[in-house]
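Chemist: So the chains spell out like this:
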Amino acid sequence: MKKRLLLIVLAMALLAGVLAACTKSGDQTGTTPTTAPTQTPEGEGTSENKYAKELTITLARRGDSRSVEEDLFSPYIKEKFNIVFEVTDINNNDFVTKMNLLLASGEAPDINTAQRPEFMLNEWTEAGYFRGYTREEIKNRMPNYYAQYTEEEWESIWPAISHSDGKSYYFPSRRAETINMAWLYREDIFNKLNLEFPESTDELLEVMRTLKKETGKVPFVSANSGDVLWAFTGFLQAFGIPELAPREMSYVDPVTGEFVPYAFTTDTFREHVIFMNKLYEEGLIWQEFATGTTDQVNAAISQGNHMIAWSYPAKIETELNKLSRNENPEASWNWAKVMPSSNPERATYFKANPYYNADGVGFSADASDEVIERFMDYMDWLHTEEGMAFRTYGIEGVTYKKEGNNYVFTEQMTSPVKSEGKTLTNYGFVTVGRQHPNLNEYYYPYLTELEKTFFNREGYYHFISPAMVYTSEESSELADITTSLHQTAKEYYARFIMGHVDVEDDKEWENYIQTMKKLGLDRFIEIRTAVYERNNK
Amino acid sequence: MVEDRSLSSKILDIIVHTTMIFMLVATLYPVLNVLASSLSSSAANDAGIVSIYPIGLTFDNYRMVFEAGKVPKAFTNSVIYTVVGTAVNLLLTSSFAYALSRKHLALRKLYMTIAIIPMYFSGGLIPTFLLVKNLGLYDSMWALILPGAISITNFIIMRTFFQGIPAELEESASLDGANDFVILFKIIIPLSKAVFFTIGLYYAVGHWNSWFSAMVYFKDSSKYPLQMILREMIIAANSMKDAATSEDFNTAADIINLNVKGLKYATLFISMFPMLMIYPFIQKHFMKGVMMGSLKG
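Sequence lines, in order, name chains A and B.
FYI, the numbering for the first sequence is 2 to 538, going by my numbering.
FYI, the numbering for the second sequence is 634 to 930, going by my numbering.
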């Protein structure tokens with residue numbers, strides 16, 4: 002009995018010790034600030050002594066670990082700004098997990114270079130992990146950064162990047178290209194069969210039938226086993242639903258200006274699914290679209306399938322020609338100068354990019370004012386001519402040379418026209434900031450051609466994402482509903498296309514709508530509509 | 634011994650051999666496929682036509698893997714973490730297990746109870762991270778080794794094994810003047826080779842295959858073990874879309890440089906190879922160690 006009592010006492014003492022340790026640790030983490038510290042006034046120090054003190058700035062970067070062979074970046078930045086960067090590379094799949102750990106434990110890096118709305122930006126902002134700035138503060142503090150967008154562009158960007166408190170916690174740089182997707186096709190086969198790229202979905206169906214009949218191969222190979230709603234986004238667009246609808250779910254019709262709060266229960270969506278079902282039944286699309294892996298898709302393309310694609314012209318050289326030439330060395334892909342539409346008389350849709358990159362910079366609330374000030378100086382410089390050239394091309398004479406007005410990568414470097422060679426990251430570069438416009442003008446002339454082809458073309462329209470700034474209550478209520486709706490929509494999408502459920506049967510379609518309603522479709526529509534009206538009217 | 638030639642025995646033999654052959658093929662095929670893919674040309678890999686022999690034989694993937702900056706360094710890191718980690722594991726686990734296997738140890742039940750609690754309740758990711766950070770282990774090799782220095786399952790197997798060693802051996806040794814350390818090193822450890830090899834193998838495989846702790850506790854990617862690099866490469870297989878959609882040429886170039894399928898398989902094979910080589914030498918101890926440790930609870 003005595004022994005048992007002794008055991009109990011010892012166990013309780015141990016427990017008390019553990020609890021005491023936890024309390025101490027809790028106290029330490031409780032110091033995370035909930036409001037952004039105030040900024041130091043501008044103009045502090047003269048330009049000569051402004052950077053007298055060396056500052057170490059910790060920085061999180063999304064992507065795989067990079068091997069640095071010769072560090073040219075650090076000495077340059079050290080000399081110019083007296084900054085030493087400590088970079089943590091976080092794999093894309095682990096980014097949110099690791100950032101959550103770092104933020105919760107007070108180990109947050111001073112700068113997050115991969116601040117993205119879909120990476121819990123709202124939650125992190127609400128928790129006070131990042132510093133927010135008003136548009137005016139940004140204009141004063143980083144004039145070169147601010148000047149990368151016109152005032153008119155800021156009018157559309159600011160509502161999209163700012164939080165409900167009127168400040169932004171996410172600072173993306175200007176996106177290099179305004180349009181980078183198109184319909185691609187096997188030019189060699191189209192020429193041989195004397196086919197024109199279709200401008201309507203009816204013509205598309207006929208062309209695909211011909212391709213199938215003449216080659217015996219599957220004309221369109223695509224799969225997305227993770228989320229089948231992403232498998233046929235080009236076909237969604239052909240029916241007037243944005244290519245990014247699986248992510249954004251709501252959109253504004255560019256012809257009528259009507260807000261569509263949920264894309265996957267409309268009559269337009271039903272027409273799209275009927276069309277896809279027809280393609281599936283006739284074997285015009287790959288039968289494994291709901292389960293295929295990237296390796297299987299590549300194998301199918303390497304066997305001569307896939308003659309039409311909705312994709313990036315950048316992939317023609319890096320992927321499509323390479324794969325198709327495994328079967329036919331003469332294979333040659335090109336991008337189409339037209340796009341198919343289900344109703345070309347009404348509108349043809351193309352995809353234009355937003356003005357800004359998806360990744361932006363986030364300034365940690367835990368970082369010192371001095372660190373933030375210094376980084377802002379650096380970031381502002383990255384948006385000058387000199388800074389953009391440095392960040393895009395590296396060091397003159399080593400990684401690039403000037404040819405007239407053009408910047409050209411040197412021989413040992415990889416470039417858009419040469420996939421072998423070193424990258425700037427091999428020289429230790431940390432590439433935040435804006436890509437120099439000359440790179441696309443010089444190396445990717447097709448991007449300019451894409452712009453010229455589709456922008457300002459009669460009958461061609463592109464979608465513009467509406468600003469949707471949610472309150473935390475709205476976000477949290479939508480989060481649960483969205484997951485259930487999305488899960489059900491993608492299941493039905495696959496079943497409709499494969500013909501397991503007859504999409505043309507009104508009763509079946511009504512069943513689908515009723516299922517979605519039970520999962521909260523009406524409430525989803527109500528919240529999204531209210532948010533849209535609040536932010537856009 | 635009389636050989637059983639009855640029909641039922643022959644049927645049983647056929648069933649046993651068929652099952653074993655099936656299991657052998659199921660186990661061996663993926664290994665051969667990885668090896669063949671790592672030695673095949675990129676076109677053959679893209680076309681998905683590689684099975685168990687290389688098509689378009691090339692050693693370029695291995696050359697590139699060893700020339701590339703990250704893999705040799707990560708391989709060395711993995712070897713260090715595995716060797717040091719396993720040594721620490723064995724030292725601490727065996728010390729703890731030996732002590733608790735001795736019946737005369739005071740408060741033995743209390744220690745056992747305390748040891749068993751973490752088997753049912755874990756601290757959770759963030760508290761564990763905070764603990765590691767506050768102990769000053771963040772971004773250090775010890776963050777991968779010390780938090781898991783004693784696996785309770787392995788400790789129980791070892792303790793049970795030690796309990797099976799007759800107490801008379803110790804008694805006679807102490808009569809001959811041996812102290813506790815002499816008994817441990819001269820009698821107990823030589824008699825426990827099987828369990829040391831077995832538990833050592835468990836720990837070594839655990840360290841070799843571990844990536845999550847490295848992801849959580851390392852800030853500096855030059856400290857990553859091989860599995861972490863391998864994981865990045867496997868994830869990069871799905872990154873062609875990222876490369877094409879990347880808003881920035883330099884980011885796209887980095888992704889494309891990583892995304893060579895043959896390289897992925899070569900790295901995969903390199904990561905499998907050391908463990909494949911270790912197993913045959915430890916196998917004879919392995920069966921004995923597990924069986925002896927697991928019979929008594």
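Keep in mind that a hint or two might mislead.
[Stated by the list, open to error] Where chain B lies over chain A, by a calculated footprint (3+ residues, C-beta under 8 Å): (1) 105-115; (2) 255-266; (3) 290-301; (4) 490-501.
It is worth saying that the hints were derived from the structure and are not from the lab.
Since the model is a prediction, treat every value here as computed from it, not as a measurement.
Using N, Cα and C, we set each Cβ at its ideal position, and we do this for glycine too.
Chemist: Now tell me if each hint is right for this structure.
Modeler: Status of the hints after comparison with the structure:
1. 105-115: n = 3 at 8 Å, threshold three: holds.
2. 255-266: Our answer is that it is violated, as 0 residues pass the Cβ test (under 8 Å) against chain B, missing three.
3. 290-301: Check passed, 5 qualifying residues.
4. 490-501: Contact hint for the segment 490-501 of chain A vs chain B: violated, 0 residues under 8 Å.
In this structure, the earlier hints numbered 2, 4 are contradicted, and the remaining ones agree with it.
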